[in-house]
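Asks: Taken in sequence, the protein lines are chains A and B. Under my numbering, the first residue of the first sequence carries the number 123, and numbering increases by one thereafter. Under my numbering, the first residue of the second sequence carries the number 123, and numbering increases by one thereafter.
For the record, the hints were derived by calculation from the structure and aren't laboratory data. Some hints could be false.
If several chains are the same, the list does not tell them apart, and a pair holds so long as it fits within one copy or across any two.
Taking lysine-lysine and the DSBU-like style, the derived pairs with C-alpha atoms no more than 30 Å apart in a straight line are [unchecked claim]:
# : residue 1 : residue 2
1 : LYS197    : LYS352
2 : LYS418    : LYS165
3 : LYS495    : LYS379
4 : LYS135    : LYS229
5 : LYS197    : LYS379
6 : LYS165    : LYS414
Protein chains: 2
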Amino acid sequence: MDFEFELIHEDKKTGARAGKITTPHGTVDTPVFAPVGTQATVKTLAPRDLEEMGAGMLLANTYHLALRPGTDIIKEAGGLHRFMHWDGPILTDSGGYQVLSLATLRKISEEGVHFQSHIDGSHRFFSPEEVIKIERILGADIIMPLDECPSYPCEYDYARTSMEMTCRWAERSKEAHSAGTDNPVSNGQALFGIIQGSFYPDLRKECIRRLVEMNFAGYALGGMSVGEAKASTYEVLDYSTPLLPRDKPRYLMGMGKPADLVESVKRGIDIFDCAHPTRCGRNGTAFTSSGKVVVKNAVYAHQFVPLDEDCHCYTCSHFTRAYLRHLFATNEILGLRLNTYHNLFFYTQLMGKMRQAILEDRFSEFEKEFFLKYSKNIKD
Amino acid sequence: MDFEFELIHEDKKTGARAGKITTPHGTVDTPVFAPVGTQATVKTLAPRDLEEMGAGMLLANTYHLALRPGTDIIKEAGGLHRFMHWDGPILTDSGGYQVLSLATLRKISEEGVHFQSHIDGSHRFFSPEEVIKIERILGADIIMPLDECPSYPCEYDYARTSMEMTCRWAERSKEAHSAGTDNPVSNGQALFGIIQGSFYPDLRKECIRRLVEMNFAGYALGGMSVGEAKASTYEVLDYSTPLLPRDKPRYLMGMGKPADLVESVKRGIDIFDCAHPTRCGRNGTAFTSSGKVVVKNAVYAHQFVPLDEDCHCYTCSHFTRAYLRHLFATNEILGLRLNTYHNLFFYTQLMGKMRQAILEDRFSEFEKEFFLKYSKNIKD
Numbered sequence: 123m124d125f126e127f128e129l130i131h132e133d134k135k136t137g138a139r140a141g142k143i144t145t146p147h148g149t150v151d152t153p154v155f156a157p158v159g160t161q162a163t164v165k166t167l168a169p170r171d172l173e174e175m176g177a178g179m180l181l182a183n184t185y186h187l188a189l190r191p192g193t194d195i196i197k198e199a200g201g202l203h204r205f206m207h208w209d210g211p212i213l214t215d216s217g218g219y220q221v222l223s224l225a226t227l228r229k230i231s232e233e234g235v236h237f238q239s240h241i242d243g244s245h246r247f248f249s250p251e252e253v254i255k256i257e258r259i260l261g262a263d264i265i266m267p268l269d270e271c272p273s274y275p276c277e278y279d280y281a282r283t284s285m286e287m288t289c290r291w292a293e294r295s296k297e298a299h300s301a302g303t304d305n306p307v308s309n310g311q312a313l314f315g316i317i318q319g320s321f322y323p324d325l326r327k328e329c330i331r332r333l334v335e336m337n338f339a340g341y342a343l344g345g346m347s348v349g350e351a352k353a354s355t356y357e358v359l360d361y362s363t364p365l366l367p368r369d370k371p372r373y374l375m376g377m378g379k380p381a382d383l384v385e386s387v388k389r390g391i392d393i394f395d396c397a398h399p400t401r402c403g404r405n406g407t408a409f410t411s412s413g414k415v416v417v418k419n420a421v422y423a424h425q426f427v428p429l430d431e432d433c434h435c436y437t438c439s440h441f442t443r444a445y446l447r448h449l450f451a452t453n454e455i456l457g458l459r460l461n462t463y464h465n466l467f468f469y470t471q472l473m474g475k476m477r478q479a480i481l482e483d484r485f486s487e488f489e490k491e492f493f494l495k496y497s498k499n500i501k502d
Numbered sequence: 123m124d125f126e127f128e129l130i131h132e133d134k135k136t137g138a139r140a141g142k143i144t145t146p147h148g149t150v151d152t153p154v155f156a157p158v159g160t161q162a163t164v165k166t167l168a169p170r171d172l173e174e175m176g177a178g179m180l181l182a183n184t185y186h187l188a189l190r191p192g193t194d195i196i197k198e199a200g201g202l203h204r205f206m207h208w209d210g211p212i213l214t215d216s217g218g219y220q221v222l223s224l225a226t227l228r229k230i231s232e233e234g235v236h237f238q239s240h241i242d243g244s245h246r247f248f249s250p251e252e253v254i255k256i257e258r259i260l261g262a263d264i265i266m267p268l269d270e271c272p273s274y275p276c277e278y279d280y281a282r283t284s285m286e287m288t289c290r291w292a293e294r295s296k297e298a299h300s301a302g303t304d305n306p307v308s309n310g311q312a313l314f315g316i317i318q319g320s321f322y323p324d325l326r327k328e329c330i331r332r333l334v335e336m337n338f339a340g341y342a343l344g345g346m347s348v349g350e351a352k353a354s355t356y357e358v359l360d361y362s363t364p365l366l367p368r369d370k371p372r373y374l375m376g377m378g379k380p381a382d383l384v385e386s387v388k389r390g391i392d393i394f395d396c397a398h399p400t401r402c403g404r405n406g407t408a409f410t411s412s413g414k415v416v417v418k419n420a421v422y423a424h425q426f427v428p429l430d431e432d433c434h435c436y437t438c439s440h441f442t443r444a445y446l447r448h449l450f451a452t453n454e455i456l457g458l459r460l461n462t463y464h465n466l467f468f469y470t471q472l473m474g475k476m477r478q479a480i481l482e483d484r485f486s487e488f489e490k491e492f493f494l495k496y497s498k499n500i501k502d
């Protein structure tokens, strides 16, 4: 089965949408949150944990996997799905963001990016064509083209030049991927376009216009969550999503605190990825329906209740805050694992609840209830 | 149901025995290997992983748990089983070994051991009575009395004095546990005796004689695996097990490389614990039917086969050596977890195969086959 997006319902009072993505590795209900499996593993969790919690799709990082284990090994393994034993849909980013944030001595030109690996200092080169080639080997269901993600804040002129190059790179990526046809789906892989333009509405809008003209299988908002105020992010969403084709999925890259998810689904986003829930899981912070719980804190040492009374995940149905606090206090890996499991379960449930609310045209009410309870403790 | 040991079968040609231990938390087939759950968790694994692989019994450490989270918290939780959510049998050691190996500024007297916590330097005191009190709070099914574990090598005079004190401590422990009755099972907890005497046969034999006279629910060989040659260990087993009551379980404390398990079961040991399989799991060493595999080594980067072709554990049925090697190369926690899972599964299977061989009076043949295959690569 090839890639397909079906828009099932639009909430009557907000921009929120419920849909379904079909891929060669199964279907995913949207809105969906894709746990981050940077190095071909969602940190601390096994594939069966992710299946059990109903994680619909995983994100893996092209940059990281190209460096380690390297594309030769993943090719020999028969692709990323088989290598990591995840049979569901996978999305790979292009490495553009990581080249900018991790690699050293990078040199960006029209041709592509020369950089040194942050692991061993080896010299590497990513061009739009090279990235498509790597992603074809990885074999993800949704793939992203190489883009330039400008840092924040960014001068207007740089942002324009950069956005224009990102558009040209997108065109080269499409050409490399689709071999001259218009179809953005090739080899079972759906190529998305990435919208850049920093926080300049005219640049973002122009980028959208150009990319939509090129016809991608979906559209991603890139260059967000780079240090800007939340209001700026939401503003970009407010003017961007109405310009995007209704019948294509929309992906907000790398953003996803619980509040972000709700605010962005409301503005018409369908796909998310973010390291936040897994990173917090390992740092001892749990998300609950009534806000964050920093479970490693001493205050939880005597609390013989679950992380979240409303949660029925493996962690919450078997272990107490006191036990988790003990695991964090003694640096036990099981603590990282149980807390990560809970956080991703919380995210999965949250996406499911939002979808249900959309289908029932009560997203605004859901949003109100969510924040009323969630924000009692903390704001994000 | 109270504690009970049933000797089911003795191998016709060796000292190997198959039995069954009944406890208030279920039954365990012997010989059994108890994974080490030092701090109320078997490192990297969740209780359901251990259930799935058929781990019969866990070991937890009195010393570690008394320091963190402390007995007050475990008491509030309703005991160790509930605290860590493990419903099967648990065995707690006495802390004697840890006081000697971890604690600082210890002062041993007839009364007990004064020491400083290796965590926070706090002053603590363990007496035989205090340890029984802690273990009653922990609530394990099998409990060990405080003993002195002399270092190796040990002068004869020290070894004698120490063994004699260990016997007096054993008597005080029994008194504290059984409140004047002869029954070594009290409050559902079975108290074992620990045999010391360094590597002096007359001391070991005298210790056995004294402890057997006191009537314990089982007997443990302590003070082993302290740096002595393997031949010395096996020699102690050779002359000790024939002196122990046939109808009581025998526990070899803290020893358990795969070869040790086979050699010791042959000599009549029923219960084992050892950090070796879990520690190796985290260090990137896997046990397989044809010897050890140091999976973190580069040589495995291109091996798209399971750790052990003969193994049907979750790790081996889903992941390749190449993937595990990648996880170790990138410091991913899932690598530690999958490898630990496999190692304990290997141990569980090994114990099960030995039991089957005993029941069929072919332990010698099993031993021969095992070493023929296992020692092709490496000796331990």
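Asks: Each of the hints needs a verdict: does it hold here or not?
Replies: Now for the hints, and whether the structure bears them out:
no. : hint             : verdict
1   : LYS197 to LYS352 : neither (40 Å within a copy, 46 Å between copies)
2   : LYS418 to LYS165 : both (19 Å within a copy, 18 Å between copies)
3   : LYS495 to LYS379 : within (15 Å within a copy, 53 Å between copies)
4   : LYS135 to LYS229 : neither (46 Å within a copy, 74 Å between copies)
5   : LYS197 to LYS379 : neither (34 Å within a copy, 37 Å between copies)
6   : LYS165 to LYS414 : both (20 Å within a copy, 26 Å between copies)
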